[in-house]
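Visitor: These protein sequences, in sequence, are chains A and V.
One point on numbering: in our numbering, the residue at position 276 of the first sequence is 276, and numbering is uninterrupted.
With the second sequence counted from 1, adding 633 to any position gets you our numbering.
Hints listed in this document are in silico derivations from the structure and should not be mistaken for laboratory results.
Hints are not guaranteed to be accurate.
Distance condition first, Cα-Cα at most 27 Å in a straight line; then the derived DSSO-like pairs of lysine-lysine [unchecked claim]:
#1 V:K797 / A:K152
#2 A:K605 / V:K867
#3 A:K234 / V:K737
#4 V:K856 / A:K234
#5 V:K1065 / V:K972
#6 V:K1101 / V:K1058
#7 A:K605 / V:K856
#8 V:K1065 / V:K1101
#9 A:K234 / A:K536
#10 A:K605 / V:K1169
#11 A:K605 / V:K1101
#12 A:K536 / V:K972
To give a feel for the contact side, a few chain A residues facing chain V, derived at Cβ under 10 Å [what the hints assert, rightly or not]:
#13 L148
#14 L177
#15 E198
#16 G205
#17 F215
#18 A222
#19 E231
#20 T278
#21 A290
#22 G298
#23 Y302
#24 M408
#25 L541
#26 L545
#27 S593
Because the structure is a prediction, the values reported are computed rather than measured.
Idealized CB from N, CA, C, for every residue including glycine.
2 protein chains.
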Amino acid sequence: MYLGSWLSRLCRGLSRPIGKTTQPTWGSLSRSLALSSQRIPELSSFVARTNTCGELRSSHLGQEVTLCGWIQYRRQNTFLVLRDWHGLVQVIIPQDESAASVRKILCEAPVESVVKVSGTVISRPPGQENPKMPTGEIEIKAKAAELLNACKKLPFEIKDFVKKTEALRLQYRYLDLRSFQMQYNLRLRSKMVMKMREYLCNLHGFVDIETPTLFKRTPGGAKEFLVPSREPGKFYSLPQSPQQFKQLLMVGGLDRYFQVARCYRDEGSRPDRQPEFTQIDIEMSFVDQAGIQHLTEGLLQYSWPDDKEPLVIPFPSMTFAEALATYGTDKPDTRFGMKIVDISDVFRNTEIRFLRDALAKPQGTIKAICVPEGAEVLPIFLNAKRNWSSPFAKFIIEEERLELAKLMEIKEEDMILLTAGEHEKACSLLGKLRLECADLLETRGVVLRDPALFSFLWVVDFPLFLTKEGSPTELESAHHPFTAPHSSDIHLLYTEPEKVRGQHYDLVLNGTELGGGSIRIHDAQLQRYILETLLKEDVQLLSHLLQALDCGAPPHGGIALGLDRLVCLVTGVSSIRDVIAFPKSYRGHDLMSNAPDSVLPEELKPYHIQVSWPTDLEEEEKASATPSNHLNS
Amino acid sequence: MYLGSWLSRLCRGLSRPIGKTTQPTWGSLSRSLALSSQRIPELSSFVARTNTCGELRSSHLGQEVTLCGWIQYRRQNTFLVLRDWHGLVQVIIPQDESAASVRKILCEAPVESVVKVSGTVISRPPGQENPKMPTGEIEIKAKAAELLNACKKLPFEIKDFVKKTEALRLQYRYLDLRSFQMQYNLRLRSKMVMKMREYLCNLHGFVDIETPTLFKRTPGGAKEFLVPSREPGKFYSLPQSPQQFKQLLMVGGLDRYFQVARCYRDEGSRPDRQPEFTQIDIEMSFVDQAGIQHLTEGLLQYSWPDDKEPLVIPFPSMTFAEALATYGTDKPDTRFGMKIVDISDVFRNTEIRFLRDALAKPQGTIKAICVPEGAEVLPIFLNAKRNWSSPFAKFIIEEERLELAKLMEIKEEDMILLTAGEHEKACSLLGKLRLECADLLETRGVVLRDPALFSFLWVVDFPLFLTKEGSPTELESAHHPFTAPHSSDIHLLYTEPEKVRGQHYDLVLNGTELGGGSIRIHDAQLQRYILETLLKEDVQLLSHLLQALDCGAPPHGGIALGLDRLVCLVTGVSSIRDVIAFPKSYRGHDLMSNAPDSVLPEELKPYHIQVSWPTDLEEEEKASATPSNHLNS
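Produce the complete structure using the sequences and hints provided.
Guide: Below, the structure written as structure tokens:
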């Protein structure tokens, strides 16, 4: 649907209905976005219009109305179509001599000009009604018109069959925002956030508290943007989340906090990441994991768009270990099967060397996934037919074949992907293959994932620590150092910390991590032990937090949900850039204003900094000056 | 009331009522903060408690409840008072041997420890009810108790009669937040913002849109923080407002936008300013000045706290010229009189040299204010008595004296302050004296300004341009270069631009500028003329905006209200730091975490910057190391 055929569809809708479409139109979407349980907003209060372009019906016949909008289309100087977000309406251009000035304005204004039109709502002549168009029974007989602003130039036609690169769309974002899809995305986002606020503030007594974004660098905060201050050598840092503040608010007795929080992360160039993003940030005192999960489920159910199937709660839950073993990832896409099966036992006595070797190693396993109809679509490897097509099919004995077929419920034309090796690596590999296969199958027409399905999943019982890559005796936090250990695992902290599970939970939607949270450590001594002894962090940087925990900190926990990602999944668009009004390119540039930009040396002076020009600058400049794809620049 | 006697008042309330207080208590304020027209929020959903500490009444008698809170007070190991934000409740510590473990926990936990208590709601013994306390008819007979966290140390007693410097409060902000006033301020702020959102989104169809804070430097943006990017010499800028974005959204057809927007302004050290602050940012298409004013009035009326007198709208309005002539400022405090009166005519034939000289000059005037009862309280200058006490009283002839007394309605004991000079300067001086006198009178017990009075005022018809100080032939924008000129003054743009009035409006509350807005220029040619020809700006930096105006930009306008300032005035606190959860000191420091802070040179490397250490660094370091007032550091 993205940047779909709305314009042609709607224009088409104005003349004769051609074919059938079940796709939403401006008018119907505008209605579906209204909060059904509430008073319908007044959309023309305080402004020059009496009505929006989308709301007039037969019930308005005879009314004198004033409309403001953009000229969408004009035909033979007899009628034009006026557009605002709320819909389209047909305006009849007067032909009599006494209305020459009105006719002149309406006939001469270029398409996309802004006009104000006053006139009478009249019936369309019999046979000319347009049932596809919400305003299709009426038209406006113009009596007065005013050109509010002429559209003098357009860098591209605002018609969706005119293909535009994303770079061009971002450069002229103010025009791209006029598209149906962008309007829909941003308005839906606003409604969802409003419903979330109603749920949190009005239904459950949460307090919306703003926390600073000019803060202190956090330990290991390598991805934090720096902001020079006017004191030589002193810098603020733009935090990646309000984590410390939300915990300090709990110490401060603000026991139900939330914020739609702007967060910053400097990851350099990363596709589909933004240097600034938004999270729904929540923290509560006296709560446990189940409490946060129920709250979150209620929040999403309450704010779910009315034009989608209502969410069923509670969401299913899975341990990290189970997710890894079954889906090869900590964020399983549970919209389809193809689960990983441990087939080690089938091959316990195999002659196949690499399988035997794998099983002999510690944690050695053989795993497989069954790709339904895979053999038909992806004619590789072994399929379920008797004559298995595989380089090593001949080494699989009949008994193993039957056992495997039974264990994995293999059907004709299915395909089996098999791997042998260490448990975690084997699962992880098959997890990736599983998704690749799903994509491949879908490009070839097999329907695996219902686009209307929203498959939420909690993943729980993560390990609290991971061993550092390349240095297996050192530990690092799996999520962050404030996560509380499972109460039943606390004793292990002092003996086998790598076995401790954390009270962390991730929320996954359709295979995407939507957010996560944890019950936090509220005991200063435990927090200090983990930071200092286990993680070898400089506790000085967090001394204020440790002090706070000693001053009567309540038990607390919370969650943060990625809003951009959530709206992206709900609207079904392919990039978070399509749910953000003014996004950066994936190299972090604002292509409209050309930010970031050079500044004059004297502007750096108050901040006591200077640019260290790299010595290989010429190379770099040459590289960045390559015209090719604007979006990459 | 600030950091007032709530603790002592409440503790006092627990035993015998002493004296009368009309001040709000935890319980009553918690209730008054609930949105009366709406469902009362569930305050104990998802958590370990069954009730809050403030909600139990006689109607709950016999119920088994679980409460979580802080130990506020304990007496003779027989009862303790448990506190959360919602109120206080008395808990009876069991004395029988079978409950020894419960008794031990409740008797040994230090004050401000966090405990969970389960028990039965019982009546207080006859005669021991406390009518001052919302929960004063009941108490909790504890059956089980759990120490959730012991309070191990407190840097200061959480009692308001223990005076704390603001520096100490900011350093231990998480404790300061437990104060009644801070809880009240932050919760009121949250409610007001929520009501504003309801008004804008649900009642009037506004769309909440987030705009970027990593942006391009704006022309003349000397107060914008810089954020180094990973590209050598390229910087983002943290904008002072979403001005450009809101206008571009209008071009994009998002015709009713609002945002609770984080803004940044680097002004160095300024008392009662914050480097980051929040504004209610609004923009609409097809609107005129009156439309924005009505919207704003409705917004404030709708979101006004229930425990205050409802606002009367519309607000009065005054031109800039009138405000200057009558109050000597563009933000008049209209809660009291003492208006400036032009008394030039009285002294048209005076003998007094300096008055005569002043009148002879161009725009020369004599102005005065009458300070009621001023002569009694401030025994200086001339008062209304026959024997005027003034160095130049003898030069004022009887006729002038009578005329003056009549013109200014002078009464016995009033005081007249008089000045002579150029109109604007004379008014401005008297405007300042007027406020000084008001402060002086009030410190001496004269009630001038009713603390319960909220006196809103629109100031309109500002000049569009000012002449630059020190360079009277050059113009600068009085507000910003996007403000549209008055339609009746447009012709003057090409002849006498300094006489053009702008379609700008300021909203003033009790003498403080709460915000302002304007109808914007939507014509690219006019915008370019003003930027290029009149203001001599580099239009290249705004080329995207000029292009946008040529692509069918609708007429539009908006307003921005300072949220911190508004909540500050509503709550009656003296500093915006008291309505912000984690404010910076007025030198821009976070005294809790010690931000801004030094960073390692390798952390600067990815951003291609280095510190330019000032040569007189020793001096600076010495100065900043002075211990004296922590808040100044």
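Visitor: All hints are to be evaluated individually against the structure, with a verdict given for each.
Guide: Hint check:
| no. | hint | verdict |
| --- | --- | --- |
| 1 | V:K797 / A:K152 | violated (63 Å) |
| 2 | A:K605 / V:K867 | holds (15 Å) |
| 3 | A:K234 / V:K737 | violated (49 Å) |
| 4 | V:K856 / A:K234 | holds (18 Å) |
| 5 | V:K1065 / V:K972 | holds (12 Å) |
| 6 | V:K1101 / V:K1058 | holds (17 Å) |
| 7 | A:K605 / V:K856 | holds (13 Å) |
| 8 | V:K1065 / V:K1101 | holds (23 Å) |
| 9 | A:K234 / A:K536 | holds (25 Å) |
| 10 | A:K605 / V:K1169 | holds (24 Å) |
| 11 | A:K605 / V:K1101 | holds (24 Å) |
| 12 | A:K536 / V:K972 | violated (67 Å) |
| 13 | L148 | holds (5 Å) |
| 14 | L177 | holds (3 Å) |
| 15 | E198 | holds (8 Å) |
| 16 | G205 | holds (3 Å) |
| 17 | F215 | holds (5 Å) |
| 18 | A222 | holds (8 Å) |
| 19 | E231 | holds (7 Å) |
| 20 | T278 | holds (6 Å) |
| 21 | A290 | holds (8 Å) |
| 22 | G298 | holds (8 Å) |
| 23 | Y302 | violated (13 Å) |
| 24 | M408 | violated (41 Å) |
| 25 | L541 | holds (8 Å) |
| 26 | L545 | holds (9 Å) |
| 27 | S593 | holds (4 Å) |
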